[in-house]
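Protein chains in written order, with my numbering: chain G, 1 to 354; chain F, 355 to 708; chain H, 709 to 1062; chain Z, 1063 to 1416; chain E, 1417 to 1770.
Careful, some of the hints might be misleading.
[Said to hold, decoys possible] Here are the simulated SDA-like pairs of lysine to any residue, each with C-alpha atoms no more than 25 Å apart in a straight line:
#	chain 1	residue 1	chain 2	residue 2
1	F	K706	H	E1000
2	F	K706	H	Q917
3	E	K1442	Z	K1163
4	H	K1058	E	M1706
5	E	K1464	E	E1544
6	Z	K1414	E	L1614
7	G	K226	E	G1563
8	E	K1642	Z	E1258
9	E	K1606	G	I50
10	F	K705	H	L987
11	E	K1441	E	G1563
12	E	K1767	G	E128
13	G	K101	G	E128
14	E	K1663	G	I89
15	H	K955	Z	K1163
Derived from the structure by calculation, the hints contain no laboratory data.
Here's the letter readout for the chains.
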Amino acid sequence: MQKIFKRRSEKGGLPPGTLAYVGEKKVEKVIITVFDYDSERYEEKELKSIDECFPYKDMPTVTWINIVGIHQVEIMEKIGNHFGIHSLIMEDILNTRQRPKMDDMDYYLFVVLKMLTYKEEDDVIDVEQTSIILGQTFVISFQEKEGDVFEPIRDRIRKNKGRIRKMGADYLAYALVDSVVDNYFTILEKIWERIEFLEEELVENPSTQALQEIYGLKRKMIFLRKSIWPLREVISELERGESSLIKETTGIYLRDVYDHTIQVIDTVETFRDMLSGILDVYLSSISNRMNEVMKVLTIIATIFIPLTFLAGVYGMNFRYMPELEWHQGYFGVLFLMVIVGIVMVFYFRKKKWL
Amino acid sequence: MQKIFKRRSEKGGLPPGTLAYVGEKKVEKVIITVFDYDSERYEEKELKSIDECFPYKDMPTVTWINIVGIHQVEIMEKIGNHFGIHSLIMEDILNTRQRPKMDDMDYYLFVVLKMLTYKEEDDVIDVEQTSIILGQTFVISFQEKEGDVFEPIRDRIRKNKGRIRKMGADYLAYALVDSVVDNYFTILEKIWERIEFLEEELVENPSTQALQEIYGLKRKMIFLRKSIWPLREVISELERGESSLIKETTGIYLRDVYDHTIQVIDTVETFRDMLSGILDVYLSSISNRMNEVMKVLTIIATIFIPLTFLAGVYGMNFRYMPELEWHQGYFGVLFLMVIVGIVMVFYFRKKKWL
Amino acid sequence: MQKIFKRRSEKGGLPPGTLAYVGEKKVEKVIITVFDYDSERYEEKELKSIDECFPYKDMPTVTWINIVGIHQVEIMEKIGNHFGIHSLIMEDILNTRQRPKMDDMDYYLFVVLKMLTYKEEDDVIDVEQTSIILGQTFVISFQEKEGDVFEPIRDRIRKNKGRIRKMGADYLAYALVDSVVDNYFTILEKIWERIEFLEEELVENPSTQALQEIYGLKRKMIFLRKSIWPLREVISELERGESSLIKETTGIYLRDVYDHTIQVIDTVETFRDMLSGILDVYLSSISNRMNEVMKVLTIIATIFIPLTFLAGVYGMNFRYMPELEWHQGYFGVLFLMVIVGIVMVFYFRKKKWL
Amino acid sequence: MQKIFKRRSEKGGLPPGTLAYVGEKKVEKVIITVFDYDSERYEEKELKSIDECFPYKDMPTVTWINIVGIHQVEIMEKIGNHFGIHSLIMEDILNTRQRPKMDDMDYYLFVVLKMLTYKEEDDVIDVEQTSIILGQTFVISFQEKEGDVFEPIRDRIRKNKGRIRKMGADYLAYALVDSVVDNYFTILEKIWERIEFLEEELVENPSTQALQEIYGLKRKMIFLRKSIWPLREVISELERGESSLIKETTGIYLRDVYDHTIQVIDTVETFRDMLSGILDVYLSSISNRMNEVMKVLTIIATIFIPLTFLAGVYGMNFRYMPELEWHQGYFGVLFLMVIVGIVMVFYFRKKKWL
Amino acid sequence: MQKIFKRRSEKGGLPPGTLAYVGEKKVEKVIITVFDYDSERYEEKELKSIDECFPYKDMPTVTWINIVGIHQVEIMEKIGNHFGIHSLIMEDILNTRQRPKMDDMDYYLFVVLKMLTYKEEDDVIDVEQTSIILGQTFVISFQEKEGDVFEPIRDRIRKNKGRIRKMGADYLAYALVDSVVDNYFTILEKIWERIEFLEEELVENPSTQALQEIYGLKRKMIFLRKSIWPLREVISELERGESSLIKETTGIYLRDVYDHTIQVIDTVETFRDMLSGILDVYLSSISNRMNEVMKVLTIIATIFIPLTFLAGVYGMNFRYMPELEWHQGYFGVLFLMVIVGIVMVFYFRKKKWL
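Turn these sequences into a full structure, and let the hints steer you where they fit.
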């Protein structure tokens, strides 16, 4: 999350609609793959140049153009011009700091999503912006870097699994959104494992490190919430079906993704509540420990301070101290000390401190 | 709640609408029972094979097919195909991690509910997903395991009690929902008993264990809330009566369940507020105790530390210490110590610490 | 509030619409009184049997049937049957755990309210459910026990005060609701007196008992909120005047009750805020006291611990300790001690601890 | 705020619409002044009897009747009857415990506002209820006591400043509301001064008294919020212009007052947030001080307790203690003590406690 | 923020619509610059007198009049009169304490924005009110002081970059709003840097100064929120396109600014959450330190207090104390002390305090 605003301001003075990549370069080369299919046949190829994909635009078959790496502004400009995409939309695609949103541009729909991946090694959630352009017979998807989230969809197209080959471009767009949302569950699982672990850990051993991790998870939740929350509205808008690009038969599938999104948001909320709960447990167990420590100190101190005083008294060097001469003086004082100690212990018992 | 996301991700790459059981297997064998009735007669049987229930589909009488155990995908597929249920709906039935929802599919209504049961022995709330399909003349209910929540309804059908035999399939569906919602009150009662107990317990004896239980109850409330909250919308949608499957006469009954649901949600909220209140009482009584402990320590220490110092002074071994030679030196010092002690006690009295 | 769910679950398996009293029996005998009036004349009698009230149903005059004690199911059933009240409504009347609500049944309106009375002796708010059935020419009110809240209304009918005798049954129903809402102000006054008292008390003397009472009041607010909040919607629905039973002339009166209800809810919210404020003051004055105690301990301890150490040093019995032989050694050490003490005091002054 | 509910309950049993003054008498005599004007001329007089104002009712000129002191029920009744004001409205005018509201009675509009004044000497915000009746050609305003808030308006009428003489009664009503709202800014300024002062004060000198004042301001904010919040809706209703009494040209002025009201509410919210912030700063600086005190205690105690122990050891009177006989024993022990002290100090340095 | 209400009240009694500058004078001289352009040509000049700009009003070309310094009431009045701007709008322009808002006056639109600039040297966010009047062919913008935020727009006009010269006055107004909103990101970046810095700082070194800065940032967030939040509604109103002054082609650009505004608000919220998180980390690390300090004190004290007591006992001067005579008495006691110490250490180990 460190670089949220870095390039934004560097872009500051440019006129709106100027294409400029806002983000870090995450792949070396731009990779463009095309899938073109109908229920009968399919074709898959990796393009060397962006111009090769232009003929597909007006074919009646469904065409899926997947672009990995969006940092080459000239390629993006070509696509934008050829497919007639508004320069503001192109700007949004290149600005990887967008929040999830949906724009209905009549001839095409534009959807921005956040693809989240959990990097185990660094314990970090990695965000990648995924933009989808849905036209009448084509879908263009833009990714920041290669990933295997869309692989199962490719597989379904190749092997003609499920209904994907029988449906139109809108179903393909749905399938892409669905696989992004499904992927959120993987993140939530990882977080759930940490929460579960922390919960047991903290009861036995409330260390400062565990506390750090709770706060880390809390921040992740803030971050997740920010990435996922607007998605709800996006999908709800898609589902409401006001665009002629979304056929009625796809509506029920969108409703399904919508349900999943709600479920993800719901879970994020529940996790937040649970983390707060764990934190409360942690804090009160810390304060309980503190109490216990204080009690021990108090008990030891209140027992021995008076006794030490007594010993101090008979350690004074006055010439005339009658008790010092008594034969049983020493044992008398020891006995007195024992009595005082016992009385103290009983007092603490009564007060339920022991 | 531990396994919320376990199988979800294993299903990851499958195309939407693929049936796969997401959950734990809770019964060995799938049990299918059929009730078929009108106001004149009724028939009840346990089916050996799912095919036996197909003839009932088009009968004018009301048919209730209850299926316990949903882990056998092939049985589920047969039902889905025969009754014309959309594959996404079937997927939802099998995915036991759904949140409560309602889908109006024109020819049938689909309702998912959470059946909650309190397991006294483990102090755990057990969740079971209950799905209901309401068609023109049939109701199909799916349960994860056997339970006696629907038993009174069976009884009412058998003995022709109340109006159930005189009404249609929509009333039966209502009766099922109603018995699930009524069951929530039992859970709330159990929780209420614990809250009441804890409340008395904590005032007298604020132990750490009680604290743990409060936090446990708080988590249960989060969990209950999550399970019950969406139900409100579900029943409200049913009641709004936009589906032709729900007759107008059933509307008032749905309104009644709606009121009960609101009451359950209301109570959950009130419990949350009360638990927060109890927690506050607990925490401030803990901090009061701490204060008391600190005061005792402070009083003992501040009285004896100066006295011990005095004793220390006259325990020094200087050759020339005039007081040591005084005849009344010892008693004078003792007297001085008593005075200092009394002054301290008065100071504490004045400060209202004693 | 202890028995909120007790009988609810005992009723569990019964079919909906079965009449069963849910609550505690609060009066011995059911008392039925009838007022029948128009602008010319009025008649008041106490009925021996419920059948006596049936002839009033179709008279053109306004009839008010007040029933105190709803635990005799057979009486309730007779009324329900005769006045054509739906069995679910009758069930709601008997179930004293309802939340306030309004049901428009076309031929009659059904309103449930919570009558609150403050029992000074036990410092408890007592809830009683009051149900009102408003028909074309009659009002039936159900109370759990005798009370004098409706007495002024009776008086106005008897003495023809105000406009009550000139208006219809809807005005009578309004008058009943109005007197229930007006009564809430009495409760709020009592609570206000307690809050005011506590506020002064706590500043001078932050005792644990006062804390207990604040939490008690907080719980009462939760409880009040729960009882009164839904009323807002109830009266708003009545006022919106969609029912033909409510004449337009009564609308303005309902708006007035609505304003009062909002005012009650507003006040409950303000009290909650104020109680939180008082609690914060309490908690921070407790923590201030703790600080003061700690400071005294620290000052005493940090002054005397080094001095006692010094005394300890010269109390050692080494054979060769040159200072012990010095003639002014003792006074020198005493002087040193005074200096150390003064330095400490100045240090504390500088740190603003004294 | 002390007497919020005092008289309310005394009024308890009266039929709705009965006029009774609910509040404290704030002026001795009722003062009635009349302004009658059009763009050509104006007339101003103080009436001896209320009857004198009746002829103005049907004049085409704009008439403003301002009544200070509303405790004389008979005068109020006369006005109500003559101007045809509903008895419930009259009741609201006399009940000074109303919350701000607006009632559209077709022939006239009724607006209740809270006039706030800050009494510097007692540090108290004084509330006064101001009711405004807007008819076709007249405005009647009711105040509890004399004030100079309306004086600038009188002046503008007298001197024909601005557009007031050219506009109708609705503009006059607007001007009254506007001057009440403008007056809120004065209160906010006073509070702002206190907040600013407290903020600086608390950083240097976190006294208990400052804490008390923060809580006092917090309570004032609760109170302000309660008085001003409903105003938003009142003015918004006025502005929506559904009443034929408000001409379209006045709409833009109402929108202006609406903006001011929002600004007041906004500021109240901001102040609440800032007070919470100040409180947090206060509480954490208190707890920082506590920490510092504790650290000093701990450092002193942990350095000297071991040293005192060492001194104690060599103060024992055993006959055979070889060290005591050593020639350098005393200096050796002193050296040891210095070493222990230095080690301790280094330990604290390492732990960053010093 | 110190002077929010200063002049407001001084203006108190003036009739609405009276022009009076409310704010501090931020520039010496009023600077008026005019840009007049269409797609063919452009003209730029700095005016000496306001009258020079009047001829531009009715030209078909787009005219942008930028006025820096709004404290000269007579200049403002001239503009208002010539361009037919309502006196209430002029009053709003001069009152620099407005919250962001939009007024549709049919013949022109009025928009108030807050321009924020971060002054690094004082660590202060500076607010300047920017008002924009959009007419059919002209835009008038009012600034409190010179700034370079609009410079890039001037540049685009001069060099005919982007589409600005091809579009109408509405696009120019959009460009102004856009550059103000874009500027917010710069502020957010600065704040982000501080948050990031603080986050690392606080973990290692939780100083009081860092705490002060967190609270400072929190206040800045309150302030930002207050300035930016209403903007959302303003731009949403503009975008909804009900005014004929905004052409449909500009709609998509407004939607873009709207998205940015949402993003800013979103980020402000996220920052607030993060600051709360950092604060929690800070507070719990402080309390952890406190715990650690307490533990060290307790351990040292509880080990040495009993040992010191033992030493005290054998420092008593009783004539008859048998142990003193024992040959191994001294070493026995030393041994006993070591044992007691070891037992204590083991006890603390077991309790996990060491």
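Hints broken by the structure, by number, lowest first?
-> Structure breaks hints 3, 7, 9, 12.
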